[in-house]
Structures are given as structure tokens and as C-alpha cells.
Amino acid sequence: MTSTLLTGISELWTLDPALDDPARPGGVAEEQVLRDAALVIEDGTIAWTGPTAQAPSADHAEDLGGRAVLPGWVDSHSHLVFDGDRAAEFEARMAGRAYQAGGIGVTTEATRAASPQRLTALVRARIAEAVAGGTTTLETKTGYGLTVEHELEAARLVSALVAAGELDEGTFLGAHLVPGEFAGRAEEYVDLVTGEMLAAVAPHVRWIDVFCEEGAFDPAQSERVLRAGAAAGLGLRVHGNQLGRSGGVELAATLGAASVDHLNHLSSADLEALAATASRPTAAGDGPGRLAVDQGPTVATVLPACDLSTRAPLAPARDLLDAGAQIAIGSNCNPGTSYTSAMSFCVATAVLQMHLSLDEALRAATRGGALALRRSDVGHLAVGARADLHVLDAPAAIHLAYRPGMPLTHRVVRAGIPQS
1 MTSTLLTGIS
11 ELWTLDPALD
21 DPARPGGVAE
31 EQVLRDAALV
41 IEDGTIAWTG
51 PTAQAPSADH
61 AEDLGGRAVL
71 PGWVDSHSHL
81 VFDGDRAAEF
91 EARMAGRAYQ
101 AGGIGVTTEA
111 TRAASPQRLT
121 ALVRARIAEA
131 VAGGTTTLET
141 KTGYGLTVEH
151 ELEAARLVSA
161 LVAAGELDEG
171 TFLGAHLVPG
181 EFAGRAEEYV
191 DLVTGEMLAA
201 VAPHVRWIDV
211 FCEEGAFDPA
221 QSERVLRAGA
231 AAGLGLRVHG
241 NQLGRSGGVE
251 LAATLGAASV
261 DHLNHLSSAD
271 LEALAATASR
281 PTAAGDGPGR
291 LAVDQGPTVA
301 TVLPACDLST
311 RAPLAPARDL
321 LDAGAQIAIG
331 SNCNPGTSYT
341 SAMSFCVATA
351 VLQMHLSLDE
361 ALRAATRGGA
371 LALRRSDVGH
381 LAVGARADLH
391 VLDAPAAIHL
401 AYRPGMPLTH
411 RVVRAGIPQS
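Residue 203 in this note's numbering is what sits at position 203 of the sequence shown, and the numbering runs on without skipping anything.
Calculated from the structure, these hints are not laboratory results. Treat the hints with care, as some may be off.
To be verified - Derived CB-CB ranges, DEER-like:
{"id": "1", "residue 1": "A128", "residue 2": "M94", "range": "34 to 44 Å"}
{"id": "2", "residue 1": "E149", "residue 2": "D59", "range": "14 to 24 Å"}
{"id": "3", "residue 1": "A132", "residue 2": "D218", "range": "32 to 42 Å"}
{"id": "4", "residue 1": "A87", "residue 2": "A199", "range": "45 to 55 Å"}
{"id": "5", "residue 1": "G65", "residue 2": "G289", "range": "47 to 57 Å"}
{"id": "6", "residue 1": "E129", "residue 2": "A23", "range": "35 to 45 Å"}
{"id": "7", "residue 1": "G405", "residue 2": "G324", "range": "30 to 40 Å"}
{"id": "8", "residue 1": "E31", "residue 2": "G244", "range": "36 to 46 Å"}
{"id": "9", "residue 1": "D63", "residue 2": "M94", "range": "13 to 23 Å"}
{"id": "10", "residue 1": "E31", "residue 2": "H60", "range": "22 to 32 Å"}
{"id": "11", "residue 1": "P219", "residue 2": "E149", "range": "39 to 49 Å"}
{"id": "12", "residue 1": "R280", "residue 2": "P418", "range": "33 to 43 Å"}
Heads up, the beta-carbon is just placed ideally off N, CA and C, and yes, glycines get one too.
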């Protein structure tokens, strides 16, 4: 084993879970940010953190020159397996046309027509873009094939990239939209999703998701999908309350989903339901660094870039935190409503427009995303964590919001390996 000592760190955001302040759920305790700090990486994990003056020796050493270091972003919501372009749809929306869920069908046609080789190349290029912006843990979904053949193809692609260490988590989203060939026969399509399609895809993914929304799947249909997924051993995720009060929040909280995402339209009852899950204990899961998918809070995942791209009301992240809910920030990278994987942009938006403090936004984009994925090994830089570092070309993390849109990523390290 070789070790590397990094010094010259002006701010080191360890976000060490052992140092959480119970009085500030969703916030960051003073002890979780070290000044004039150093860290040691050994065998792909964090072996030591502390003041530079107390740093141990190591096989290699490097001075980072007074830069801030954060955990890599944990993006718990993306849709990378697609082909096609929806720029015209976006342009029309900017000219005043409202967003409707049906635009997904345009991407479905293009994705079905793409070869496996082309899809793999496209996904790898999108992963590279995300990593270049500081993302080191990335979930992505199927959901643009919507046939047994094409959903299985997407799931196998995602599974292969997870096995290769290029992705971290895969999600089955066959219940993304009722495809055109099933128009007027939504129940039949749900039968397919919960039957043959799920049976084919389940061995290749860890999660199941459903778009519980007007124009997609109603709460009863969504519940059928989720219960079938749970019976197949998959963890639950929900797209909910994006276009209205769809019932997605209540469903996610009731069934113990790991996350419910979007959340633009919430009632006080929705806030209370999510806050009530925050104290649900997590438990050891099915692999190193993984927590049980069916235990823990239902994390409220907000998607700021999507809100801006659809000109929707911003999800009430401030209200969610104040109510006591656990929150995460994700990119929702997809071709129709959020064609960006720039988590730094999402964090800046959360601070500037969603009224989160910097530490609340940083935690939501790291520890929050990890909790939404039931991961304990990422999203922080405590001893034993995977050595995922986002080194900023700035002396303090506040520059992410102070200088919005500027290219502040100096270096990205994943599992101890610098990313090109």
C-alpha cells in the first residue's frame, strides 16, 4: 500500500458523520470543517485528517497551495442513457409553452433507434462531463426504452458501467411514461412493467423508480410498480409532486422509499410526512459502504437545474429543512428538462435562490445524496471513507455561490485516483 499526504488545504470539509450536531439537522458543525488542514489517502480511502502541523509522513506528498477541498458531489438523480436532442422543445418552452411529461416520448424514439455501442459511448461522455465538474458518485436510470428489450439493454449497460467502477448506482425506470403503442392502455403497460420487464431488468439494478404525476402514472399505478419492485428485492425511489400535488410524497413516505424527487408542489401535510421519516434508523446493507435500501428516511431530493429549465416554482428546500426533513440536491441530468450534470451550478442555485446556507447546500449535495442512495462510504471525508475529493481553485467553498458559473474545479479524485 502506498500513501499520499495532501497539505496546503485552506478548508477541508470532512463532513464527518460522527461529528453531526443534533441541533442542526441538515447543517454542518464547526468541527466538520478544518482550517490549514491536511489529509492522507491510503489504498483509495481516507486514512487521516487534521491540522497540517500534525500531519504524519507518507510515501508521497503534495501541497495544494491554499485551496479548499470538499467531498466529491454525490448526484443521486440522473438520466444518462438516451440518444436524441430536445433543444427545440426547450426553446419553445422558453418562449412560453408549458412543460408536460409527454416530451419523454421524443427521446424514447431516438433511444430505441440507437445501437448499444452508441449508447455506451454517449453515457461515458456524460459521465466524464459530470466527473470533470466534481461529481464522484453517480446514479443513473433506465427509462427511455420502455420495451422489455430496450429497458434490458439499458440496464445491462448501466450494470456494466457500475461493475467497471464508472457509475455507482443503477435504477429501473420502466414506469417513466406510458409509451405511444400503449396509448389508452396504461394498466396493460403497468402489467408489463411489473411483470416481464421487471423480471428481466431486476438482476442488473439496485433500485426501481416511478414517475407519479399527471400525464404519467397515478398513485395507484405507482404503488403497483413500487410494490412489485420491492418484492423483487429493489430499493424504492419516486419522481413526485413536480407538476402538482400528485400523491408521490405520501406514497414514498408510506412505502419507505429512499427518496422522493422534484417536490415543486408541497402541502404542509407533505412536509410533515417527509419530516416524520427523518428519524427512521438506517441499517447495514448488502455490501461495503451500503446501507439497507428499505431502512432509513425518505430523502427529499430537490433538482434546482430542472426547476430553472422548466420555469417551475423552485422546490421549497428551505421549508423542507425547517420542517426537519432530510434533503439532497441532484442534477436530474436529462435531455428534456435539465440537460446539465453541473452540481456546482445546482449548489449555487440552492444558495442564491432556494435560500439555503452554503453549508446546508454542500451537505445536501454530498451527505444528502449519499443518504438518498443508502451509502455510508461516500459524501464525506472521514477516516475510512472512499477518497473522493473535489479540490476547488478557490480558498473557500463560498466561492461556489460568490462566483456563480465560474470554473472552480481544480482537481477531482475518485477512490484515491486523480480523474483526467
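Hint-by-hint comparison with the structure:
For the pair A128 and M94, the supplied restraint of 34 to 44 Å is violated, since their beta-carbon distance comes to about 28 Å. Look at E149 against D59: about 50 Å separates their beta carbons, and that is not inside 14 to 24 Å. In this structure the hint that A132 and D218 lie 32 to 42 Å apart at CB holds, the actual value being about 39 Å. Checking the proposed 45 to 55 Å range against A87 and A199 shows it is violated: the Cβ atoms sit about 37 Å from each other.
Distance hint check for G65 and G289: the Cβ-Cβ separation is about 31 Å, which falls outside the suggested range of 47 to 57 Å. About 38 Å separates the C-beta atoms of E129 and A23, a value consistent with the hinted range of 35 to 45 Å. Roughly 32 Å separates the CB atoms of G405 and G324, a value that falls within the hinted 30 to 40 Å. Taking 36 to 46 Å as the suggested C-beta distance range, the pair E31 and G244 conforms, at roughly 42 Å.
At about 46 Å, the CB distance of D63 to M94 disagrees with the hint of 13 to 23 Å. Hint check: E31 to H60, Cβ distance near 28 Å, so the stated range 22 to 32 Å holds. For the pair P219 and E149, the beta carbons lie near 29 Å from each other, so the given range of 39 to 49 Å is not met. Here the CB-CB span from R280 to P418 is close to 37 Å, well matched to the stated 33 to 43 Å.
Hints 1, 2, 4, 5, 9, 11 from the earlier list are contradicted by this structure; the remaining hints agree with it.
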